[in-house]
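Participant: Residue-level listing of the chains:
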Amino acid sequence: MGPKGIDNSRRKFIRNTALAAGGALTAFLTQPAKALVIAAGKPADPGTPWYGIGIDIDKCIGCGRCARACKIENDVPDEPFYFRSWVEQYTIKNDGEVVIEAPNGGVGGFTQSVPDEEIFKSFFVPKMCNQCYKSPCEQVCPVGATYLSPEGAVLVDKDHCIGCRYCIQACPYGCRYIHPEKKVVDKCNLCYHRITKGMQPACFEVCPTGARIFGDLNDREGELVAFIREHNCQVLKPHLNTGSKLFYNSLSSEVK
Amino acid sequence: MKIYIPPQVTRLLLFLVLFIAIFTVIKRLLTPENFGELGHYRPGSLADNAAYEPNYAGDETCIMCHPDVFESKGMDLHGDISCETCHDAGFRHSESMDATDIHIPAGREFCGICHSQNAGRSANYVFQVDLKGHNTGKNCTDCHNPHQPWDLKE
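For the protein sequence lines, the chains are L and X, in the order given.
Counting in this note's numbering, the first sequence runs from 15 upward without gaps.
Counting in this note's numbering, the second sequence runs from -14 upward without gaps.
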């Protein structure tokens, strides 16, 4: 090997590195556009339902009836900090400060704490399990007690859960808690007992303004697919690639 | 040719085999039956989750006994709102038909949950009232029929 050979391999090395870096950059740049497509996901059999959720932030009036209905329907403990579904109010002040409030998860409604003249804008964000199809919580469960049902709902096997709290740490949306009486993890199961009986989940049933849309992502003519098509929808934390099936219309970047 | 295996290696191997055997037995005992048939979970858990009884009965149930209320509600702005949005879960009431089993909301605060003024509420979707100024000291239902809020009582 002469000096020429060394030069050659160095050139090759630099070229390959540049190619790889360019490729990574292209992949990185195209990622945001791809995120929603990935998130929508595709089940193996397009003939079966694949449930997703649409939430229209423009329509939400922050009454918190969804949070209340969820607690009543699913025997969620009344004390604050146990929620399967809750509402947050985001208030952006004129000086840019973001105030996030959720008194008792919005169960009793909201009282505006920031004076009107200081508000730049304000909106409500209902939150619940995103029913991810590549869910981090499912991946970390050491015993297989949380899983994705064939309908696309992330469920918990209460008899098999060992209460290790791994999934609570893993969920990037904070949607899980340990049930104080059952001592196992609890989360929104998309009212699996209702959707399997042909009913809507309780929080969708009681929403007075129709801000929440429950539907089948496989039904191309359905209400939910139309909602996603006609609105500029986003999922929460798309960079985490969780495969969230909860689509928000008018999601501001302040929402975490 | 005889291969010499040191006794400590034999002992280690023995422990390893024992460990694997005990591990296998414990795993077998702790893994539920049919585990992994549909995926990495217990298939029976699907039925367990589905077996839970609903508490919210849905408007189709309410309408069976209260068609008149349903009709009057349908004529006004509250028409698209489910009965159980205000009255809470009605399944128990639909079984017992006992008036104590259903929530009858009252008071200014209750209506204010939706109708109080708040910068986060879009005027397009809800009519907002200044609770501190609008007929203070009166109950909303003194003047408004909750099922037909625009139909004012005399």
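In short, the hints are calculated from the structure, not lab data.
Please read all numbers here as calculations on a predicted model, not as lab measurements.
Some hints could be false.
[Claimed, not checked] Here are the simulated lysine-lysine pairs, DSS-like style, with alpha carbons at most 27 Å apart:
hint: 1; chain 1: L; residue 1: K251; chain 2: L; residue 2: K148
hint: 2; chain 1: L; residue 1: K172; chain 2: X; residue 2: K117
hint: 3; chain 1: X; residue 1: K117; chain 2: L; residue 2: K135
hint: 4; chain 1: L; residue 1: K172; chain 2: L; residue 2: K197
hint: 5; chain 1: L; residue 1: K197; chain 2: X; residue 2: K12
hint: 6; chain 1: L; residue 1: K73; chain 2: X; residue 2: K12
hint: 7; chain 1: L; residue 1: K107; chain 2: X; residue 2: K12
[Stated by the list, open to error] Examples of chain L residues lying across from chain X (beta carbon under 8 Å, computed):
hint: 8; residue: A83
hint: 9; residue: D92
hint: 10; residue: G123
hint: 11; residue: F124
hint: 12; residue: S136
hint: 13; residue: G158
hint: 14; residue: Y161
hint: 15; residue: D173
From the three backbone atoms N, C-alpha and C, an ideal C-beta is built for every residue, glycine too.
Participant: Next step is simple, just say for each hint if it's right about the structure.
Facilitator: Hints and how they fare:
A threshold of 27 Å between alpha carbons decides the hint, and for L/K251 with L/K148 the separation of about 13 Å falls inside it, so the pair holds. Distance hint between L/K172 and X/K117 is unfulfilled; the C-alpha atoms sit about 47 Å from each other, more than 27 Å. Taking the CA atoms of X/K117 and L/K135, the gap is near 23 Å; set against the 27 Å cutoff, the hint holds. About 9 Å separates the Cα atoms of L/K172 and L/K197, which keeps this hinted pair within 27 Å; it holds.
Between L/K197 and X/K12 the CA atoms are separated by roughly 23 Å; this keeps the pair inside 27 Å, and the hint holds. Proposed proximity of L/K73 and X/K12 is contradicted: the alpha carbons are some 51 Å apart, above 27 Å. Our distance criterion of 27 Å between C-alpha atoms is broken by L/K107 and X/K12, whose separation comes to about 56 Å. Evaluation of the L/A83 hint against chain X yields a held restraint, the C-beta minimum of about 6 Å falling below 8 Å.
Checking L/D92 against chain X: minimum C-beta separation of about 13 Å lies over 8 Å; hint violated. For L/G123, the interface hint holds, since its Cβ comes within 8 Å of a Cβ in chain X; the closest pair sits about 4 Å apart. The interface hint given for L/F124 is met, as the beta carbon of that residue sits about 6 Å from the closest beta carbon of chain X, less than 8 Å. Interface restraint check for L/S136: the shortest CB-CB distance to chain X comes to about 4 Å, inside 8 Å, so the restraint holds.
The beta carbon of L/G158 comes within 4 Å of a beta carbon in chain X, closer than 8 Å, and the hint placing it at the interface holds. Nearest Cβ of chain X to the Cβ of L/Y161: about 4 Å, under the 8 Å cut. The hint holds. The interface hint given for L/D173 is met, as the beta carbon of that residue sits about 7 Å from the closest beta carbon of chain X, less than 8 Å.
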